[in-house]
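There are 2 protein chains.
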Amino acid sequence: MAARPRRKSAKSAEAGDEFERIRRYFAPLAQNFPGAFDLTDDAALIVPGPGQQLVVTTDALVAGVHFFGDEQASLIARKALRVNLSDLAAMGATPLAYTLALALPPDHAEPWLADFAAGLAADQAEFGIYLAGGDSVATPSTLTMSITALGTIVNGQALRRNGAVVGDLVCVSGTIGDSALGLIARTGGLGDLPRPAQRDLIGRFELPQPRLSLGRALAGVAHSAIDISDGLVADLGHIARASDVRMVIDWARIPLSPPALLAVAKQPQRRDLILGGGEDYELAFTIPPDQAGNLRAIALSVGVMVTEIGRVESGAGVTVLDQDGNDVTPLSGGYRHFEG
Amino acid sequence: MAARPRRKSAKSAEAGDEFERIRRYFAPLAQNFPGAFDLTDDAALIVPGPGQQLVVTTDALVAGVHFFGDEQASLIARKALRVNLSDLAAMGATPLAYTLALALPPDHAEPWLADFAAGLAADQAEFGIYLAGGDSVATPSTLTMSITALGTIVNGQALRRNGAVVGDLVCVSGTIGDSALGLIARTGGLGDLPRPAQRDLIGRFELPQPRLSLGRALAGVAHSAIDISDGLVADLGHIARASDVRMVIDWARIPLSPPALLAVAKQPQRRDLILGGGEDYELAFTIPPDQAGNLRAIALSVGVMVTEIGRVESGAGVTVLDQDGNDVTPLSGGYRHFEG
Numbered sequence: 002m003a004a005r006p007r008r009k010s011a012k013s014a015e016a017g018d019e020f021e022r023i024r025r026y027f028a029p030l031a032q033n034f035p036g037a038f039d040l041t042d043d044a045a046l047i048v049p050g051p052g053q054q055l056v057v058t059t060d061a062l063v064a065g066v067h068f069f070g071d072e073q074a075s076l077i078a079r080k081a082l083r084v085n086l087s088d089l090a091a092m093g094a095t096p097l098a099y100t101l102a103l104a105l106p107p108d109h110a111e112p113w114l115a116d117f118a119a120g121l122a123a124d125q126a127e128f129g130i131y132l133a134g135g136d137s138v139a140t141p142s143t144l145t146m147s148i149t150a151l152g153t154i155v156n157g158q159a160l161r162r163n164g165a166v167v168g169d170l171v172c173v174s175g176t177i178g179d180s181a182l183g184l185i186a187r188t189g190g191l192g193d194l195p196r197p198a199q200r201d202l203i204g205r206f207e208l209p210q211p212r213l214s215l216g217r218a219l220a221g222v223a224h225s226a227i228d229i230s231d232g233l234v235a236d237l238g239h240i241a242r243a244s245d246v247r248m249v250i251d252w253a254r255i256p257l258s259p260p261a262l263l264a265v266a267k268q269p270q271r272r273d274l275i276l277g278g279g280e281d282y283e284l285a286f287t288i289p290p291d292q293a294g295n296l297r298a299i300a301l302s303v304g305v306m307v308t309e310i311g312r313v314e315s316g317a318g319v320t321v322l323d324q325d326g327n328d329v330t331p332l333s334g335g336y337r338h339f340e341g
Numbered sequence: 002m003a004a005r006p007r008r009k010s011a012k013s014a015e016a017g018d019e020f021e022r023i024r025r026y027f028a029p030l031a032q033n034f035p036g037a038f039d040l041t042d043d044a045a046l047i048v049p050g051p052g053q054q055l056v057v058t059t060d061a062l063v064a065g066v067h068f069f070g071d072e073q074a075s076l077i078a079r080k081a082l083r084v085n086l087s088d089l090a091a092m093g094a095t096p097l098a099y100t101l102a103l104a105l106p107p108d109h110a111e112p113w114l115a116d117f118a119a120g121l122a123a124d125q126a127e128f129g130i131y132l133a134g135g136d137s138v139a140t141p142s143t144l145t146m147s148i149t150a151l152g153t154i155v156n157g158q159a160l161r162r163n164g165a166v167v168g169d170l171v172c173v174s175g176t177i178g179d180s181a182l183g184l185i186a187r188t189g190g191l192g193d194l195p196r197p198a199q200r201d202l203i204g205r206f207e208l209p210q211p212r213l214s215l216g217r218a219l220a221g222v223a224h225s226a227i228d229i230s231d232g233l234v235a236d237l238g239h240i241a242r243a244s245d246v247r248m249v250i251d252w253a254r255i256p257l258s259p260p261a262l263l264a265v266a267k268q269p270q271r272r273d274l275i276l277g278g279g280e281d282y283e284l285a286f287t288i289p290p291d292q293a294g295n296l297r298a299i300a301l302s303v304g305v306m307v308t309e310i311g312r313v314e315s316g317a318g319v320t321v322l323d324q325d326g327n328d329v330t331p332l333s334g335g336y337r338h339f340e341g
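If you read the protein sequences in the order shown, they are chains A and B. Under the working numbering, the first residue of the first sequence is numbered 2, with each subsequent residue one higher. Under the working numbering, the first residue of the second sequence is numbered 2, with each subsequent residue one higher.
Okay, chain A solo, but in the shape it has when bound (with noise of 0.2 angstroms):
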């Protein structure tokens, strides 16, 4: 782990705070990745099993665009990780280590970086995944963090996005929605809900759950697999687009817990958010028909809902229909522009 000097004209910590911070609070989160060397040497050392692959994947988040950045930092810290691990879920891998760049702004100081730790140190014996190195800089303005997550895979077994084929079950795990309802119940729009509810959609937003398990038993028997970040219309899009078919979704089959039923019910137009919203991650996957029983035991298995929403056709980009056969799908979401 590095802590490298910040400019003098900078108004910052000392450099030896830097090194303090990473004994202290980043250290022990390696203590037990052997190849971390306790983040004092200049990188770390990995070294996949024979016949498995690395699986490598990156997200950044950066407070006010995120997440709010009054949540409690235990909170930030996993939910930066859970983003990452839920890449890996989506390819199928098994979590093995993690780098971490944070750029912390002058007044994240110790309790802040005391709970941020905790919340890492939590989620890593969850899902055994490891810190082995990255970087604590000082900035000026907005707290930016972005968490590099490495997996292990079976050679040639990890879940693509280009694998779906026509005839293909469309699946989703978990309920959709949750998160983008979250957000809007966070800052106060979703006021005809009973508290208890909203409590429940914005803890879905805090904190979501990679489908590791389900993402590892899936490899060798889906065909495609995403994890829904984008909004659920616009990841379908990037499975349609990445293997050149189309899906058609029944609306009236997309997996809702009882408060995003409940704020549908109340405000019928609140499907669009369901739809688009993103932050699910959940896994989004296809299957052939025939895995359609293989599936319910998986789905046993690891104790995760899973649920055939729509089905793979010839053509492109993604439609929704409700129960009557009309197309409600929202004319918002990414996936559009990578139509035709």
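These are computed hints drawn from the structure, not numbers from a lab. Don't take each hint at face value.
What the hints assert, rightly or not - Label pairs and their computed distance ranges (CB to CB):
1) B/N327 - A/E127: 54 to 60 angstroms
2) A/G70 - B/D291: 41 to 47 angstroms
3) A/N163 - B/A110: 26 to 32 angstroms
4) A/Q32 - B/E127: 35 to 41 angstroms
5) B/E127 - A/L322: 49 to 55 angstroms
6) A/L322 - B/P35: 35 to 41 angstroms
7) A/P269 - B/P35: 43 to 49 angstroms
8) B/A126 - A/Q268: 51 to 57 angstroms
Every value quoted in this text rests on a predicted model; they were computed, and no experiment measured them. Glycine included, every Cβ here is placed at the ideal spot set by N, Cα and C.
Assemble chain B onto chain A, guided by the hints.
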């Protein structure tokens, strides 16, 4: 490469712009690395060769802290990549791939991004490394970048900080202090030097030269190595501490460039800047005395100047002596926090 949607409340470019940005500027940087999947999947796949370990390092750079921000975008990009390549060099590794997390302020749009990508492309060609993935997000504030570089090394050959032994020679590559002086020159603080000398020094600050060939050649030869980012004395201090030894350095033998020699001749107190200023991105390393002849052959073969500047003794810390034997070790320098 992930392009995630912004929180709707944040003022930022639309998600579609981000996909377009990745397609136009970053996907071309990944096209020769098959495991990057043209940046269209959730993660990249990396396969080290048989008998190889992966070396992983992360460095973050913040505008106004690690660089000024008004430099040419291509220079900013190349420096961000090179400080990471320098960490690979310090381990003796061969570059393989990197991921980039980029937090872009609103005014960093088309021409800036094109120049930024061109800088990365130039250095990819020069150093044989490829973009494997990353994240491109909007920030309301300061340009912030984080790069995670991956390299390979033969099992067990990594250069570490903890291998220095009493009797070793202490050596450095290139010349020391130019970057620190260049930073001063950049802000108008070297007015007593001719313009061309100032420009040379600024060039060293803006575009470091990672010593990859030298690092590779030192694997199996040097007992310990580090790249000089915190400052010569601070970084030698890291080796001293990790190896439980003392370093004694002769100020008169530290290699200075002609502009640096001139700067010190005009103001002798600039010596402290050279010893403590940092961002040289030269290698500092120790070798057993019987490898001195071999080291000269290595320096010739890789075309990098290498200079013996001191010796490893028993004890702790780093001491710099002038030609009269006076202790001229600067009082500042993060290394002191780590002495016994």
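Distance restraint evaluation - A/G70, B/D291, Cβ atoms, bounds 41 to 47 angstroms: Between A/G70 and B/D291, where Cβ atoms are some 57 angstroms apart, the hint is violated.
54 to 60 angstroms as the expected CB spacing between A/E127 and B/N327, which holds or is violated: With a Cβ separation near 56 angstroms, B/N327 and A/E127 satisfy 54 to 60 angstroms, so the hint holds.
35 to 41 angstroms as the expected CB spacing between B/E127 and A/Q32, which holds or is violated: Hint holds: Cβ distance 37 angstroms, inside 35 to 41 angstroms.
Outcome of range test on Cβ distance (A/N163, B/A110; 26 to 32 angstroms): Hint holds: Cβ distance 30 angstroms, inside 26 to 32 angstroms.
Range hint 35 to 41 angstroms (beta carbons of A/L322 and B/P35) holds or violated: holds, 38 angstroms
Cβ distance range 49 to 55 angstroms for B/E127 and A/L322, holds or violated: Taking Cβ atoms as reference, B/E127 and A/L322 lie about 53 angstroms apart, which means the hint holds.
Cβ separation of B/A126 and A/Q268, checked against the hinted range 51 to 57 angstroms: holds, 54 angstroms
Pairwise beta carbon distance, A/P269 to B/P35, judged against the given window 43 to 49 angstroms: Because 46 angstroms falls inside the window, the suggested range holds.
Hint compliance for this structure: hint 2 alone is broken.
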